[in-house]
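Novice: Guided by the hints, dock chain S onto chain Z, whose structure is given.
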Amino acid sequence: METKTDLKEETKTETAKTVKGSEAVILSLLHEGVDTIFGYPGGAIMPIYDALYDYQDKIEHILVRHEQGATHMAQGYAKTSDKPGIVFATSGPGSTNLITGLSNAKIDSIPMICITGQVPSHLLGFDAFQETDVVGISMPVTKWNYQVTKAAEIPEVMAKAFYIASSGRPGPVLIDITKDAQNQFIDFTYKRVHQVSGYFPNPKTNPEKIREAANLINNAKKPLLLAGHGISIAGAEEELTAFVNKTGIPVGCTLLGLSTFPTRHPLYAGMLGMHGNYAPNIQTNEADLIIAIGMRFDDRVTGDTSRYAIKAKVIHIDIDQAEIDKNIKADVAIISDAKKALQQLIPMVKTNVHDEWLEEFKKLEAIEFEKIIQKDIHPKAGQIKMAEVIHQVSERTKGEAIVVTDVGQHQMMAARYYQFAHTKSMITSGGLGTMGFGVPAAFGAAMGQDKRPVVVFVGDGGIQMTIQELATIWQHKRPVKIVLLNNGFLGMVRQWQQLFHERRYSFTTLVNPDFQMIAKGNGIESSKINTRDELKNSIDKMFNFDGPYLLEVEVEQEDNVFPMVPSGASVSDIILEP
Amino acid sequence: MEKEFTLLVNTENNIGLLNHLSIVFTRRKLNIESLTVSESKIKGIYSFTIVIKTRRDVIDRVAKQLENIIGVIKVFVYENDEIIHQELAMYKLPISAIEKGLQIESVVRTHNARVLNIENDYILIEKTGHKADTQKLMEELKPYGILQFIRTGRVAMAKPMKDLEIHIREKNAAYEILED
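From first to last, the protein sequence lines stand for chains Z and S. If you read the first sequence in the numbering used here, its first letter stands for residue 1, the second for the next number, and so on. If you read the second sequence in the numbering used here, its first letter stands for residue 1, the second for the next number, and so on.
If you're looking for bench data, these hints aren't it; they were derived computationally from the structure. Take the hints with a grain of salt, since some may be wrong.
[What the hints assert, rightly or not] Dumping the calculated DSSO-like pairs for lysine-lysine here, alpha-carbon to alpha-carbon at most 30 angstroms: (1) K326(Z) x K162(S); (2) K64(S) x K3(S); (3) K3(S) x K329(Z).
[Stated by the list, open to error] Just the calculated beta-carbon pair ranges, DEER-fashion: (4) K371(Z) x D60(S): 40 to 46 angstroms; (5) R151(S) x K150(Z): 36 to 42 angstroms; (6) E156(Z) x I32(S): 54 to 60 angstroms; (7) Y505(Z) x A132(S): 22 to 28 angstroms.
[What the hints assert, rightly or not] Some residues of chain Z that are not near chain S, with every Cβ distance over 12 angstroms (derived): (8) D50; (9) P93; (10) H122; (11) T189; (12) D337; (13) R396; (14) G521.
Built from N, CA and C at the ideal position, the CB exists for glycine as well.
Chain Z with its partners taken away, still in its complex shape:
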């Protein structure tokens, strides 16, 4: 992709220039290296859009079809470009449509900056047309938000927004700019920010705690490492592999930690949690040491916390001090960036092997393979299963694709069966479980890089929540590969109804539109299959096609995701069948 950093250099050296607040917003974005914006214009943000009109050669603006789509695109973009995703929206409904995406970015620690227009400052509080207190509404779901009422504030506030969104534990920032502030003139100069008073993003790694942790690691007989999203945010994947190779400790990944550690590595133990792998869940309660890095012991990972890691000491490494002792009490807490902590730990830990301990994992893996995996990915008869589609896409892409998912059964299947060969390969809505995330996030992921193929797995429920973004994909022509796993149900809810509500399928049956016609109507090449024989060829055809493509696979309707840690159960009570 063409990089647009030339102007960044130019503007660095320029002296004060008299511009409108609206142009100051665009110039600030250029100073921060922004080349892509996802947005939707409207009354209160019109001056900013007018300013953007003159910078189309430097910034690509993606016209979304709904502001929620913009937020998910910005998140997919942030994950593949390593830059904050930028969203423009107008006041009132434009800004309220951002709330789901902001919540998603907050709980999954994704850097995103939303710029919203606001009614002129003299109308604030008068219930003016399209006036909403978006600063008030978004406060619980942003890392920081701020309302600008004077153009002179814009450069500094923008610089703070970038610093806060990207530093420490990343997150979303919302900047609300009144229309009069957009129209005022200021002398524009820009200075990047590396410090904000009352904000402490970079904890120093405490060497004493590192020593204590190393001591526990060196004496552990049955250690288990839990790798979370913090590893990839810190860019600590190499350090993780080096640490694991030296200590011989098996690794379980959280959902957002997937692809931080190669799936085919002999010490990879699988995914943790509710629909994770059998071995790491069982072994959590056999381990004598848990080393949790960049993860927050989410309830979907821990199950019943009172029966979690019952025999283990816990080392918890996280950059966010509020995560320490929040869900699981730590014996040694290291408040630190994952990369720094691992760099300091590696020379202090002994080279080790844990053959007997690993043998127990192998036995459990064999049970899971026989009871579940084999039947999931190599079914002999019946309808196509979700897992075999994921497996075949994984084989076809050799684990090199960037995998995006929506939310539900297909998400768990993708998490379980895609064999990640590459780091930073999984983009999914973890904490919030946002249906409708997948398709726009995949488009954003394709905007953030163009070296690796992007494939999104989505269900027939989730795709309809943001289906209008197919038009955005068509308009902006990015080669997103959409695999629609259609089972005619809201599958995950249906699974729970089957298992825990006596098959009372209360409003989980979908009477779906013709997705082929919808794809066609949006200019997207597509095909639909329902037999196993067609699967491999249709996947080949999808990847061979130069451009976006929708492959609809009719899958087994009442397929279930197993293993499963039932809600409220202990991780070691994980079940392999109903």
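Specialist: Structure of chain S alone, referenced to chain Z:
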């Protein structure tokens, strides 16, 4: 077991910060018993004194989440025996209370209260102390017909007195500034 905790929250003077703090309590359905805000001895740094009844583990988590808010510098959690605290109360009584036998001198002496104002039709008494003390005086004055009663939130100081500036210096030392 629920207990009374006093939080001292030291912050920058940012618009909306109070809203941010209250969201943390609201999310956990914690009721704020009392709240007082004032500028500290350091210009631009404000101190919130917040009284909450809850469990120790809950308040410890809340304190950490408060510290994550941008603009919050340092949060201290105290139990009642770790602080010296005061509240101020004002009582307005009709002047007829004296005719009914209200002994102003006795009130002032026994309750360590003081008279702030006397007009033709009312008398205004002020008392500082723990909530129980100001409450006790209110009960005593009730029979004379209290026209108006108002009490401030708690203000508190920790017993082991350590300079706030030292706390701030220690906090800053635990973090670093990274240029990119």
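Novice: Measuring Cβ to Cβ, find out whether D337(Z) lies farther than 12 angstroms from everything in chain S.
Specialist: About 9 angstroms separates D337(Z) from the closest Cβ of chain S, which leaves it inside 12 angstroms; violated.
Novice: Look at the Cβ atoms of R151(S) and K150(Z) and judge whether their distance stays inside 36 to 42 angstroms.
Specialist: For R151(S) and K150(Z) the Cβ distance comes to about 39 angstroms; the hint holds.
Novice: Run the C-beta distances from R396(Z) to all of chain S and say if the shortest one exceeds 12 angstroms.
Specialist: R396(Z) is indeed farther than 12 angstroms from all Cβ atoms of chain S, at 38 angstroms.
Novice: T189(Z) clear of chain S by more than 12 angstroms, beta carbon to beta carbon?
Specialist: With a cut-off of 12 angstroms, T189(Z) remains clear of chain S, as the shortest Cβ separation is near 19 angstroms.
Novice: Run the distance test for K326(Z) versus K162(S): straight-line Cα separation, threshold 30 angstroms.
Specialist: holds (28 angstroms)
Novice: Has the hinted range 54 to 60 angstroms been met by the Cβ atoms of E156(Z) and I32(S)?
Specialist: violated (33 angstroms)
Novice: Holds or violated: is the Cβ of P93(Z) farther than 12 angstroms from all Cβ atoms of chain S?
Specialist: Label holds. Min Cβ-Cβ 22 angstroms, cutoff 12 angstroms.
Novice: For D50(Z), is the shortest beta carbon distance to chain S beyond 12 angstroms?
Specialist: Given that every Cβ of chain S is farther than 12 angstroms from that of D50(Z), nearest at about 29 angstroms, it holds.
Novice: Is it the case that G521(Z) keeps its Cβ farther than 12 angstroms from each residue Cβ in chain S?
Specialist: holds (43 angstroms)
Novice: Over 12 angstroms from every CB of chain S: does H122(Z) meet that, or does the non-interface label fail?
Specialist: holds (18 angstroms)
Novice: Quickly compare the C-alpha distance for K64(S) and K3(S) to 30 angstroms and report which way the hint goes.
Specialist: holds (18 angstroms)
Novice: Lying within 22 to 28 angstroms: is that true of the beta-carbon distance Y505(Z) to A132(S)?
Specialist: At roughly 59 angstroms between Cβ atoms, A132(S) and Y505(Z) fall outside 22 to 28 angstroms, so the hint is violated.
The structure shown violates the earlier hints numbered 6, 7 and 12.
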